[in-house]
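These protein sequence lines are chains A and B, in that order. Everything in the first sequence is counted per the working numbering, starting at 1 for the first residue and increasing by one. Everything in the second sequence is counted per the working numbering, starting at 823 for the first residue and increasing by one.
These are calculated hints, taken from the structure and not from any lab test. Virtual Cβ for every residue (Gly too), placed ideally from N, Cα, C. Be a bit skeptical, because a hint or two may be false.
Simulated DEER-style distance windows between Cβ atoms [said to hold, decoys possible]: (1) LEU1150/B to GLU284/A: 16 to 26 angstroms; (2) GLY895/B to LYS332/A: 34 to 44 angstroms; (3) TRP977/B to GLN276/A: 57 to 67 angstroms; (4) LYS332/A to LEU1150/B: 39 to 49 angstroms; (5) TRP977/B to ASN137/A: 26 to 36 angstroms; (6) TYR851/B to LYS477/A: 10 to 20 angstroms; (7) GLY895/B to LYS477/A: 24 to 34 angstroms; (8) THR1151/B to GLN407/A: 50 to 60 angstroms; (9) GLU858/B to LYS332/A: 33 to 43 angstroms.
Computed cross-link-like contacts, PhoX-like style, restricted to lysine-lysine with a CA-CA straight-line distance of at most 25 angstroms [as the list claims (entries may be wrong)]: (10) LYS633/A to LYS782/A; (11) LYS270/A to LYS912/B; (12) LYS348/A to LYS376/A; (13) LYS1084/B to LYS270/A; (14) LYS911/B to LYS270/A; (15) LYS193/A to LYS418/A.
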Amino acid sequence: MKKFTSLILLFVITFCGIFVSCKDKSAKVSLWTIDATQKILQDYEYDTSAMSTSVSVSGAKNEYEGWQIILSSIGNVSSSYTITTNNLIAEDGSVYSKNNISLFHQLYLEVSPNEYYVEDGYYPDPILPMETAIEYNENIIQAGKNQGIYVEFYIPLEQKTGVYTGSFKVKTAENEFIVPIKLQVWDYSVSEKTTAKSLFLTRTDYWNGEKDTTQEKYQAYIDTLLEYRLSANDLLLETNHNDACIEEFTELAYEYASNERCSTISLPFKVVYTSQKYVYNGEELSLGMIFDEEVCRKYIRALAKKSAETGVNILEKCVSYFTIIDEPQLNKTMHRVKYVSERFAVIKEEMYSEILSNTSLVEDKISRQELANSVKKISNIVTGYYDKDLDGVPIDYCPNPSEYHTQGMRDVFSDNEKWWYCCIYPNNPYPTYHIDDHLLGTRLLYWMAAEYNVVGNLNWSVSMYNVGGEQPEDYYKYAMHNWGRNGEGFLFYPGAKYNLDGPVASLRLQAYRDGIEEYEMMQALKTKYAEYGLDFQSILSYLGSSLYSGTRWATTENTFYNTRENLATICEMALSSSDEAMMLSDMINEGRNFKCKVFALNNTSVKINGEDINNLSFVTKQQVANGTIYEVKIDKATFSSRTLTFSTSIKGQTKSIVVDLGGELTLYNASDFENAFEIYNDSKITFEKVTAESTGYYDAGNLIKFTLSEDEFSDKYSVSMTAGFLSELSKNCKEMQLVFYVDTQVDYEISFLYEKGSTVAGRPIFNLISAGRLNSGENTVKISNLDSYNWTKYQGVSKVLLSFKAPDGTSIYLKEIILSGG
Amino acid sequence: MKKFLIIFLVSILLLNTVACGDKKSTTQYPDKISGEYTLYDYENYGSNIEILRVSEYFGRLVKNDDLTYVKKGKSSLKINPMGSKLTTKKPYFIIPTTSERFNFSYQDFSQIYSVKCSIFNAEDYEVPVSIGMALSADYSSLSAYFETFKLKNGWNEIEYVIWNGAQLKNISGIYLRFNNYACNGQSSPNIYLDEFKLVQKDNLNRFVENQPVVDGELCKIQDFNSLQYFSIAGYGKNYQAEWVSNEDLQRISGDYQGKAIKFTMPIYIFGLLLQPRISRDMFLDSVAEGYSKLSFYVAAEVENDKDIFLISESTTAYQGSTTKLLKLTWRKITIDITDENLYTLYKDEGIRLIGLYMMQTDWYDVGGNRTTMHVYVGDIMLEK
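Isolated chain B, as found in the complex (with noise of 0.2 angstroms):
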């Protein structure tokens, strides 16, 4: 009699509540996870896809509410990567770690061990998807280094392994990039996404090891092994970077022979913020230590005698700047890397990138005119 009393009064308490409380289902959201941790369960719109960034061109992202497609729960959401028709970049959009809004901040990766998440891929072939890191907080910054899965007709379990190498105090987001299917004028595929986990780390250390820097090469542009461990920033501006075809680098006179990193800066335009940076990211004493110079390969449509390069370790501590005259000739450009205040803050924990930084600036032709910039890098190499 006594449990069914307590049982009925807690009903009644429960009933009450459920009656006068906030009809909004708010999602309460750990201060601190543990195991494995449903972030995105994608069954309402605001906490789950309006917070999302999609690429420009991506395609499209909406909430699905065909049973068919939902690993749990009532609804998932609806991937229809595009692309530009124009160019062969690849969509991608970007699932953050943090939220203002709704009051969560997973960005600290170091005690995360991987991301998982289902993914249903309506179609009879197979869609490649590449997952990887954003690594600033304004999702400006991608790792390079990704892992690419195969998605089979079908549901997909995947589990993207976190680097270990990589700074992972300030992980803002989650990027999954596609083929680009509009250049090619295939139509887009269905995918779905569901269940969207952050997987804490266990007692077992399982981590990928630090890529080493070998012969002095930072980055050697066509080394993609290289290069995977680098972050280019290109999220959501005017600007993209992009490999270049060997046309467009035989204009470019020089002894400097390979690939090369493309960016397209548009007239600069008061207020909107460009700031292209080819960076590693990395602790910088675990790959650095020995070394005293940076040097790097460099190129650009138009002349130009602005200051426009710097080795910056992050956007808003020390920059050392250099300043060229940059012409459709390969220049190799090298910055003492052993300057004291560089030295100081490398040692400091906040830093985590190391790279060429372009500043948001006019860009001007030798006539004096504000411009359009083409930039080409060519290999980023540490020397002794």
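Chain A on its own, in the form it takes in the complex (with noise of 0.2 angstroms):
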């Protein structure tokens, strides 16, 4: 009975035991892709029907693009995958290397309950090397969840331009996929050379991470950032600026600015502490804090005799960031910014002409001239936002970039060098690094930064690793260390959990670098522009209508990859050849009327919609030195197409890039919408129809006239849009203009107002879609990407408001109202 009850056991605990070790191989996972500029959440259920399942990515030469394969866990067994590839070839047997494909497993942080937009969750965010993760055994897909795979193919500059295919195979213990990958390397190179300027600070607490203080650990990240083009704000870890420190600054300074992905190398500054007052305001107050002005003169005098001997123009890349007047509203130091930049700009001054009469300095390789200039172009970045009050003081703003949304705000930085950064604020539709938000937001920063001409950007901490002031147990847990804001002070990981040399990096890294490759192309696009005299502003404005409207972005992935195929082709058009090339420009494209520029190289066709340019009745040209510049103009109502498809041939390959004319044309005049507004929320403002020969502005048809009245309360006087015409905006609208007429300087502000879930503490939540300034005269006011907003959040859109700010008694004459189909 004993040995009965024995072999029971024993078929019992084997078969058990076969039962449980067998689990493992019932694991099953799904697989789907998705572009690189996209989330995927570990624990949320997609929907993947739809989804691709192969890879597409297309890239310039000497960029890198990534993409983004998922693993779905079907069941509650977790898994462990593997993934692999061979060669990419091309149809005429070129061939990409798998050398140059990295693959990252991503890790994720939770997202716990936040105020604002977004699903709670697991996000992804570090991403490891995925031989790393093979290491430590973290290349699995836990049980029911996602395991995203960061895929990032870097394009070499010697790569031959064509389509190359190949698949990856991804194996789990019960599935094999072969995922097909397909990779357009594009006939144009990004510039070794990165040109957007940028201060990402990275000493804050990477020791603590890494427990390791040593300089070499510090330049690991600095190394980092550069993999990424992003420059360090501090170089050396430790100095008191003594001669031996500024020497020792001097060498690595030198170092970094031979690296041409270093945009920018920070001036040091010695902090001093004084009691001495200045006057500010009439008011005499401590400076209490100023930089030493000799220690300054030793730094620029260094950097100029290590420039001319090497070559290398430091100097150049050379930018100012004194701490000590940073955010000067905030921190009440308004009188030391004064006092900092004006002597700084003397030192400016006095070493410019030091280096000139400095006869010492050698001149074979660099001129003192040059050098002498670049001191004079040292940029003195202040950040916080404009003020009245600094008017006429030597700095060079960096707000936020919720700081450049309008025209209007954009105008009062135009005297001065661009930066913007963000910390904190702005939250989204504003560009942010939130680990919360969408990645097209960071992407997008450097289209709106090339459009608006802000040539830095200023990180205040890439490596606070502590969370709440105190440092965590693991690196890896949170994703609000600070600040109220998931990802903030942080685009790094500690690397030491893994043996890493250097940090673990990021999504959002990825997306900054992505996006400053992008603002390469457009920089070098707007230089050869200049070359020929053109105008790229309005290529670059017709490029980012489709994608963010001020300093909010707005639109979709789709969409956004379709702009960027754009870009390339307007790269390749103008870049890719000495003998061929065609720049369409100056670009024109407002109520009915489209009217652009295309200068096209000696022996470079150009066709429009198919047909040869010289054969089209809308077109005129004119004969240049080195080519042709036709000239189009077209009446878009009368007009048979809605798209206009420039074509030319560049080394033997057809090049077309297509302009949207913004779909069916909708007129609304003052008879349309006499009864499309109603005042909203008691705002003293009048309108009436009146006829356009009352008012002597028009002849012939209605204009309603909005009317201002005292208001104590408010200067700003809105009406809102009725449910008819709203629901005629939300419905298929992809672009609305409005035609003003005023007399004088008015102040206008477009919003929507949505439903439900968009008040705090009782007050409506305004999404700001345009804002800017009516001048003297006839006014078109363009909304562009109407399409992508979301008319569905907050339970909808309820009321789209017009509102204006001007004096008492304005009129505003609104002549028509223009919707675009899509």
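Assembly of the complex is requested from the two constituent chains, each provided in isolation within its own frame, with the hints serving as guidance.
In structure tokens, the structure reads:
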């Protein structure tokens, strides 16, 4: 009996064991792919029925471009995975080496309930090199969860243009997937030189996370930033600014300035504590802290000498960021900003003269004049918003991107070198680097920078590893470290956990680099267009119009990638050959009118919608020195097509760019929208229909006249659009244009007001979609990209508000509203 | 046969369990320890090294896999202390006694007799290491009481006996402090730590006697024997306390003579916790009985009329404050410690600190501008 019992026991245990050990083999996984701009949560169940299962990437030479493979576990068992690939092959047999593909296992951080716009859950951010993930047994798909693989393609400069194909093989315990790859290599190379300036502050906390406070480890952070085309703020970890430290800094500055990817060297400064008084706005105030002027001169001298000796103009890359005048409005140090900035300007002048007259500086590699000019151009970055009190003070503003939202806001910075920085604020829909925000915002920051001529980006910390002031026990756990924003203060993760020499990077850094590479494409185009005296600004505006409005981004991933393809085509048309080139410029797409110029180098043929440009009735042409400038003018209301396809042949390949004219036009005149407005919230504004003749501004038709009355409580006057008109807007409408006439300056704002869930303390949240200034005469206000707005967010847009700011009694005339369909 | 069968069955069960279990090795920590308990064996990074706290400019801590420097198992902790090359601050790191992540909590040292560890000195010269206790949950307060061991070449078996005079209920960690090699232009020594153990006290009463108050001096700054029972907060913050040079002190007028501690307080940044303090880690009634006043000498770099000095028995309990105009002149400030609230609170079990505690705040100069602040603290005394 005992024997029998034992046998039964043996049977039970053995089979239980077998059952348990085989469970692992029943783990099932599905595979799908998605572009590099989206964040796929680890713990969210996606409808993957329509998702792609292949990888399709396009990129320029010397560019990194990514894609994502997602493995979704079905069931309750975890499974490990492996991924391999071979070389990719083009039709002509050209090879793209598999060594140019880097694979990263995504790690996830929990985003707990937050007050703004996203799902809670586990968001991907750190990207662990796949070989490290395997070494540490972390190449695991958790039971019932998603696991992202970030696929990074680097396209070498020497890679032949063309389409390469191949596949990944992804294996799990029970599944094996073949993932087709299509890589298109454009006929254009992104410059190795980074022109996008940046100062990313690196010192904070990195040592806590790494358990390593050495200069060597510190430089590993600087070097990793450079891989992403970003420059660190401090090069030397520890300095007291004595001669030895200045020399040490100079050597490092030379080393980094020699690296083309390093766009920016921060000029160090020594703080001096002082009881010195300074009169500011008639008040005598203590300065408290200033900078040591002699030390500043010594740094500039040392850098000038090193530049002259080596031929690497270090000064050309220098900017000054005096942290003692950081955020002066917040810190109440406006007087110090004025003093420090004026003194720095004086020192630059002194050093300019000194360098010019310093005959000991050898000139065989770089002229003294060039060095002296570089000193003069060293910018003086001050974070904070525009302040009238600082008018005339030699500073270069570095506000939040939200401070550049409207043309009027941008105009106040026009005399300065423009920088920006994100620090807690702003929030989506402005670009952010928050973990719970979309990566498109981070990437589009650089598209906006190109259009608005913002040359630099400052980031206050890439390694703030503490959580609420304390070091965490797990540096890969918390999305929110400080300041109420997920991901605020850090873009890296300590590499020490995985015995890596440098830090672990993030999806956000990938997005930064992607944006910078696109910025560099646009900068190259700007330079090329300028050579021919052509305007590229309107093309930037055109490209941007499908991606963002002001500095608020609003687009879809598909639209973004289509726009990126257009940018690449513009590059290929203008930059890929010295003999053939076509450049689209001076584009105006307003109301019913579309105008543009097309420059074609001699021997470059151009077609519009398949027809030779020389044979088209709406095109005039002018011969110039090395080519032809064609002028295209179209009345969209009568034009038969909603698109214009500009084609040319470069190196025997047809290149085309499609310009969207805005779809079907619906013109509303005053009679149509007479009843489309309501006074909002008892605003002191009236409106009426008047004849155009009575205004003297137009000969015929009617206008809506808005009149602003005295309002002691508000300087803003608002009307809202009625539900009927709103439904027209949200229905297949891509663009809205409003044609105003004013005889005095009027500031306007157009905002969405959402129905529900959008109030804080009982006050409605307005989503500002456009703002600017109407100048005397006719003005067309264009709001693009309406189809990308989330009309259903917060249970839908309930109102569109039209607001004006102008003196009491001002009249504003609305002539027509033009809606363009999709 | 029966035995064989049972062994066979158990083997199958174990094999299956291993095959299906979580591949990650997770250490189980007992609720209570007994005898000699190895808290850290440095076999894995996360639970042994990632949770360490290092001081700024410490140097480097990495996992070592070279068996030459491993006492037991396959790895140890490699320590390269360096320090700041521009100051004389000594580098240190803290080994926590608690972990939320790994679910252990041994901060109650009332039953701990000593801390033992094996340290290998790979240099052919002696390397001193001072071992003391971290006294607050955020590791911001370190005991001035420590013991210095001179590490000889090769393995050194270290035992740091816990001082019984301290309030031992909340010892958040053990710190190891080294000389500053960087400031002297020296290279960093190669040191290896392994087998970090907590030793439960036995029945023998082997504790160091409490330090009595001598002539009412709670802390005579220039007297190191007195100071060693004090803790000076400074870990991981932007300020750091340091003994100042005579040259620095000569600038301060007034009748106080002797050494002082200088606190450098940067401009307050919102959200950064700045709470420097100098405080005695003790049972108040064992040293302060019969005294009614706490006095201290203080001077400051810039004039300031903010409330900055407080007597505090903890950071959250009663705080007696004083408002004084501070300037670069020694002042003796006396606080009544017979206050009823204070008296009540120091009788509570949780009280363990008495001393000076500076609030996190903006520091304004006389011009009303925010500024960096240098505060000098001289002798602290109890008076009848």
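So, going through the hints one by one against the coordinates:
1. LEU1150/B to GLU284/A: 16 to 26 angstroms: At 22 angstroms between Cβs, range holds.
2. GLY895/B to LYS332/A: 34 to 44 angstroms: violated, 57 angstroms
3. TRP977/B to GLN276/A: 57 to 67 angstroms: holds, 58 angstroms
4. LYS332/A to LEU1150/B: 39 to 49 angstroms: At 24 angstroms between Cβs, range violated.
5. TRP977/B to ASN137/A: 26 to 36 angstroms: holds, 32 angstroms
6. TYR851/B to LYS477/A: 10 to 20 angstroms: This hint holds: roughly 19 angstroms between Cβ atoms.
7. GLY895/B to LYS477/A: 24 to 34 angstroms: With Cβ atoms ~27 angstroms apart, the hint holds.
8. THR1151/B to GLN407/A: 50 to 60 angstroms: holds, 58 angstroms
9. GLU858/B to LYS332/A: 33 to 43 angstroms: Since the Cβ atoms of GLU858/B and LYS332/A sit about 58 angstroms apart, the hinted range of 33 to 43 angstroms is violated.
10. LYS633/A to LYS782/A: holds, 19 angstroms
11. LYS270/A to LYS912/B: holds, 24 angstroms
12. LYS348/A to LYS376/A: holds, 6 angstroms
13. LYS1084/B to LYS270/A: Holds, at roughly 21 angstroms.
14. LYS911/B to LYS270/A: holds, 21 angstroms
15. LYS193/A to LYS418/A: Holds: LYS193/A and LYS418/A sit about 20 angstroms apart, inside 25 angstroms.
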